[in-house]
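K.L.:
Residue strings, one per chain:
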Amino acid sequence: MNFETVKLFYVFSCIALCLVILSPTLLTIVPFPEGEKFSEIWLLGPTHMMEGYPFDVSPGASHHVFLGVGNQMGDLECYSLQVKLRNESEPMPDKLAGTPSGLPTVYDYRLFLRNNATWEKEFSFSFQDVTFEGNVCRISKILIEDNVVNVDKIALQNEGDKGFYYQVFFELWIYNATISAFQFHNRYVGFWVNMVRQL
Amino acid sequence: MLFLFMVQFVPLCFAGSSDEAGEAIERAEQDLGSAFAAVAEAEGARADVSVLLDTLDIAGGFLSEAHVAFSARNYESAFSLAVACSSAVDGVAEDAARLKVAAEIAQSASFFSTLTVSLIGVGVAIVCACFVWWFLKRRYFRRVLDMKPEVEVA
Numbered sequence: 001m002n003f004e005t006v007k008l009f010y011v012f013s014c015i016a017l018c019l020v021i022l023s024p025t026l027l028t029i030v031p032f033p034e035g036e037k038f039s040e041i042w043l044l045g046p047t048h049m050m051e052g053y054p055f056d057v058s059p060g061a062s063h064h065v066f067l068g069v070g071n072q073m074g075d076l077e078c079y080s081l082q083v084k085l086r087n088e089s090e091p092m093p094d095k096l097a098g099t100p101s102g103l104p105t106v107y108d109y110r111l112f113l114r115n116n117a118t119w120e121k122e123f124s125f126s127f128q129d130v131t132f133e134g135n136v137c138r139i140s141k142i143l144i145e146d147n148v149v150n151v152d153k154i155a156l157q158n159e160g161d162k163g164f165y166y167q168v169f170f171e172l173w174i175y176n177a178t179i180s181a182f183q184f185h186n187r188y189v190g191f192w193v194n195m196v197r198q199l
Numbered sequence: 200m201l202f203l204f205m206v207q208f209v210p211l212c213f214a215g216s217s218d219e220a221g222e223a224i225e226r227a228e229q230d231l232g233s234a235f236a237a238v239a240e241a242e243g244a245r246a247d248v249s250v251l252l253d254t255l256d257i258a259g260g261f262l263s264e265a266h267v268a269f270s271a272r273n274y275e276s277a278f279s280l281a282v283a284c285s286s287a288v289d290g291v292a293e294d295a296a297r298l299k300v301a302a303e304i305a306q307s308a309s310f311f312s313t314l315t316v317s318l319i320g321v322g323v324a325i326v327c328a329c330f331v332w333w334f335l336k337r338r339y340f341r342r343v344l345d346m347k348p349e350v351e352v353a
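From first to last, the protein sequence lines stand for chains A and B. Position 17, counted from 1, in the first sequence is what my numbering calls 17; the numbers after and before it change by one each time, with no gaps. Position 36, counted from 1, in the second sequence is what my numbering calls 235; the numbers after and before it change by one each time, with no gaps.
None of these hints come from the bench; they were simulated from the model. The structure presented is a predicted model; accordingly, all values stated were derived computationally and were not measured. For each residue, glycine too, the CB sits at the ideal point set by N, CA and C.
Selected chain B positions facing chain A (Cβ under 10 Å, derived; list incomplete): (1) R272; (2) S317; (3) C329; (4) L335.
With a straight-line cut-off of 30 Å between C-alpha atoms, the simulated DSS-like cross-links for lysine-lysine are: (5) A:K95 to A:K141; (6) A:K121 to A:K95; (7) A:K7 to B:K336; (8) B:K347 to B:K336; (9) A:K37 to A:K95; (10) A:K162 to A:K141; (11) A:K7 to B:K347; (12) A:K121 to A:K141; (13) A:K37 to B:K299.
Start from the sequences and build out the full structure, keeping to the hints where you can.
P.N.:
Encoded structure:
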């Protein structure tokens, strides 16, 4: 190794050392590439597992599932988790078009979540004032936690297996501060229930 | 306590129409939205907004219940809950703006102190490197100059 090579190696070593010393400052100036931004929504059964979701339900009987939302959007976000109820013929949210179901919201949770934060809640519900007339089932009220909500939802008896099917589903909306309004976040989860006269 | 008082008291002085309740809910939505936007900005500036988030959670709960009451045609309750929501977020935007400014000042001070320490560190490193280089170079040349020519016998 000749003298000039040693000199060059020494200069590069000094530059590397300077960069290491400057790294705390550089970290605050140089923007690093951000990871993928997304939100999570999940629905777990009563045992906190992906099983045992309530299916055969009778009027007045109380059931519960676990609902969760996670924020990986990189910032503080405001979510609206909208609970909706539909029968077999009513529209679901359109995942391809990114449009929500046009059905009215039964209940609405407002969540304020920091980045990497999650929210989970036990969603307890029961159907009230349920009437059966021929092949029509009508639910007048749904009790969500301690709140009675008017729904007035009918379901025709399924011709195949004679059940009265409803779907309880949850749409995730996110607040857009630019337009000062919530926008559908194209995420939803739900479960079907079969309304029976007596269990 | 103030919120509970408002929830209890406001229905007594409210006639109770769907229009008024609807307007109150819409106003509460706007108030909550602008409060959230201010808190989000403060959080973006790395301010500690934990207390403000708790307030937003409370206000969001009022608003959810106001919607339920409205759908149940309980307009008095819907109105009072919407007013409670607006009251809860009253002043949140100002607090968030204040926290944001404080966080920006603290961040700026922290940046300059880090920059100062880094620059001093770099300066010391350069001076030390020059000194070490001068020392090594001197020792190398002295060793070279101290070498005596040897005559090899053919």
